[in-house]
Amino acid sequence: MTKQQFSLVYKTTVLLIAIAAAALLGAMVLWAIGAPVLKTFLVIFLEPLKSFYITTEVLIRLIPLVLIALGIAVAFRSGILNIGAEGQMLMGILGATIVATQMPGLPRFAIIPLSMIAGVIFGGAYGFIPGFLKAKLGVSELLSTVMLNYIAAQTYILCLRGPLIDPAELVTGSGTPQSIRFPRQAWLTRMVPGTRLHTGIIIALVLAVVIYFFLWRTSWGYKMRAAGAEAKAARYGGINVSAWLIIAMVISGAFAGLAGAVEVLGLHRRAIEGISMGYGFTGIVVALFGGLHPAGIVPSAFLFGLILVGGDMTQRMVGVPVNMVQVLQGIIILTIVSVKMVINNPYIMERAERRFNKSEHKKSEEAQA
Amino acid sequence: MIDFLYSILVLGIPFSVSLLLASLGEMYNQRAGIFNLGCEGVMSMGAFVGFVIPYFLIRAGVESGIIYVLGIAGSLAAGALLGLFFGVVVITFKAPQGIAGIGLQMFGVGVAGTLFRHFIGGIASVPGIKPMPVPLLSKIPLVGNIFFNHSLIVYLALILVPVSAWVMNRSSWGLRVRACGTAPRAVDSVGISVDRVRYQSLAVGGALAGLAGAYLSLCQVKMFADTLISGRGFIAVALVYFGRWNPWGILWGALLFSVTQVLQLKIQTMGINVPYEFAVMLPYVLVIIVLTFSNKNFQLGPSSLGKAFDRENRL
Chain A
1 MTKQQFSLVY KTTVLLIAIA AAALLGAMVL WAIGAPVLKT FLVIFLEPLK SFYITTEVLI
61 RLIPLVLIAL GIAVAFRSGI LNIGAEGQML MGILGATIVA TQMPGLPRFA IIPLSMIAGV
121 IFGGAYGFIP GFLKAKLGVS ELLSTVMLNY IAAQTYILCL RGPLIDPAEL VTGSGTPQSI
181 RFPRQAWLTR MVPGTRLHTG IIIALVLAVV IYFFLWRTSW GYKMRAAGAE AKAARYGGIN
241 VSAWLIIAMV ISGAFAGLAG AVEVLGLHRR AIEGISMGYG FTGIVVALFG GLHPAGIVPS
301 AFLFGLILVG GDMTQRMVGV PVNMVQVLQG IIILTIVSVK MVINNPYIME RAERRFNKSE
361 HKKSEEAQA
Chain B
370 MIDFLYSILV LGIPFSVSLL LASLGEMYNQ RAGIFNLGCE GVMSMGAFVG FVIPYFLIRA
430 GVESGIIYVL GIAGSLAAGA LLGLFFGVVV ITFKAPQGIA GIGLQMFGVG VAGTLFRHFI
490 GGIASVPGIK PMPVPLLSKI PLVGNIFFNH SLIVYLALIL VPVSAWVMNR SSWGLRVRAC
550 GTAPRAVDSV GISVDRVRYQ SLAVGGALAG LAGAYLSLCQ VKMFADTLIS GRGFIAVALV
610 YFGRWNPWGI LWGALLFSVT QVLQLKIQTM GINVPYEFAV MLPYVLVIIV LTFSNKNFQL
670 GPSSLGKAFD RENRL
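Line by line, the protein sequences are chains A and B. Heads up: the first sequence begins at 1 in our numbering, then just goes up one per residue. Heads up: the second sequence begins at 370 in our numbering, then just goes up one per residue.
Honestly, I wouldn't trust all of these hints.
If you want a taste of the chain B side facing chain A, the calculated C-beta under 8 Å gives, among others [stated by the list, open to error]:
no. : residue
1   : Leu-406
2   : Phe-476
3   : Val-606
4   : Asp-679
Stretch by stretch, here's where chain B covers chain A in the computed footprint (C-beta under 8 Å, at least three residues) [stated by the list, open to error]:
no. : segment
5   : 20-33
6   : 128-140
7   : 145-156
8   : 281-295
9   : 326-338
Keep in mind that the hints were calculated from the coordinates and are not lab data. No residue lacks a Cβ here, since even glycine has one placed at the ideal position from N, Cα and C.
With the sequences and hints as input, model every part of the structure.
Okay, here's the thing in structure tokens:
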């Protein structure tokens, strides 16, 4: 067996073992709660695709996931881990809501872009904070973004209870934290009658292509990837690494903000509690699973949209709590990072090859004897 | 004025315990060179296991204090197991630790949530561990109530501070742990397995984080919910930076945080008109400020923190 052949066999084997291990880990949690394992997985992965309406629901989940994952991929490629997409998305929702509710007189061609730009600016500004803290003051972005998530969640509710609250809620006295319904011209068009699929999906797919060209076909993208791949070499090559770090974080936040704006304009049409639904964290999994590349992110977003919708159905169909989705996401992250390292570690592969050759050698000797 | 300070300190010490325990655990990990961002998930599992064992034993009619001992033992074991599981990913498979930590956090919080929703489902509480006043000492006015009238875990956590300092700086195991965090190759060259020491430190750290969770669900709030931990695990990680990887520094950090938390509660009950959300935000804002101003500490940390050790890689 040649080296290339062995490498191929080795990589496939590792991958298969990893998938089996991940499935086993998930199955163990399901066994613990006494749920039918196979049926649960079938419900999660196949049930949503059985009906056209629910398939469009999967596509609706895909929109924010693609946008957030693209932003996260830009940040990861530039060497900074953005786990604050959740907060940045909430800020984007706030921005879009402020424009859409405070300027209801604007015509359609102005109000939608302006709301989205507001979302982008809010999200980007919120991404600037951890980027600046990391680049200039050396504060770990992992911790600062997590903290900013909690801060954003509180700010969001504060705004919805205070300045942005629907006056009708105050009149009835129920006090549900939500904004007024957006004016009709701020709504994104629903593309298929009878479903909730909105034009946001076009924005998401177009931006996936744009990000591909930006990262791999422009000098800016090259500089960012260089700064992420090998910061020291990039600095030696005259790239201002810390500046690109901040820019990457701003872009990342802007994408999360846009995701929030698109979600609120296209789907909910008013700011309510719980819009972000953990998209910020799922976005990390989507970006990693998609190999931090737009061509991988779109299908991977579909897969995780499927898991989100399917996870909602398991509660009803097999009595598995919706938290199982989070378990699966955790397992998938741990599996991806492990598999990546094992496959790319030449020493482990060489050791496996030596062992394999030894046993082959023994076998042939035994055959001769 | 003394009354006000007294009322803050009386609550401040018990509030600091969950942060203190988790943060000490994270210190063991980080001193060995492992950045465990999954502390939140480990705490969540510890809180759940620590809660669910007494909960079902009470329903089965067992009334003695042994149920809490079992609960705490369970949370220690669950924490250590999750720590070792994380070890498989970041030590054996050498995965990048930051992102793997996020995975562990999701896994831990998710499993705890799933099991909780399935087995318990709604709001449920246990009587919880009762305070155990220290004889004589608890009778001292003011000081007695502040320091000597808590549950056993509180004393244990406070004793763990000097004990950890001793273990880290005076014991041979502590020397190995510190060496694994700063010069793993040197450890390897004298024939000690870096991986084994790191696994040990992950088990210890995980057990402490599990205990921290159990303290929350058994002593502090006496119930469990999916959102019980709500960022305490991440704050605990930040406290390690603040405390310069040193148990005493971590103790001051944990006290600082719990005192702010108590102040926030006081402000709310005193009827000062601050929106509730601002009060909740306060600790998180404080973390960012603390991290910003303690950024000089970063260079004091273990130099191989977050780097996987590969024996065969000679680069």
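Okay, the hints, checked on the actual structure:
no., hint, in the structure
1, Leu-406, "6 Å, holds"
2, Phe-476, "3 Å, holds"
3, Val-606, "6 Å, holds"
4, Asp-679, "7 Å, holds"
5, 20-33, "holds (count 3)"
6, 128-140, "holds (count 5)"
7, 145-156, "holds (count 7)"
8, 281-295, "holds (count 3)"
9, 326-338, "holds (count 11)"
Violated hints: none; the structure is consistent with every hint.
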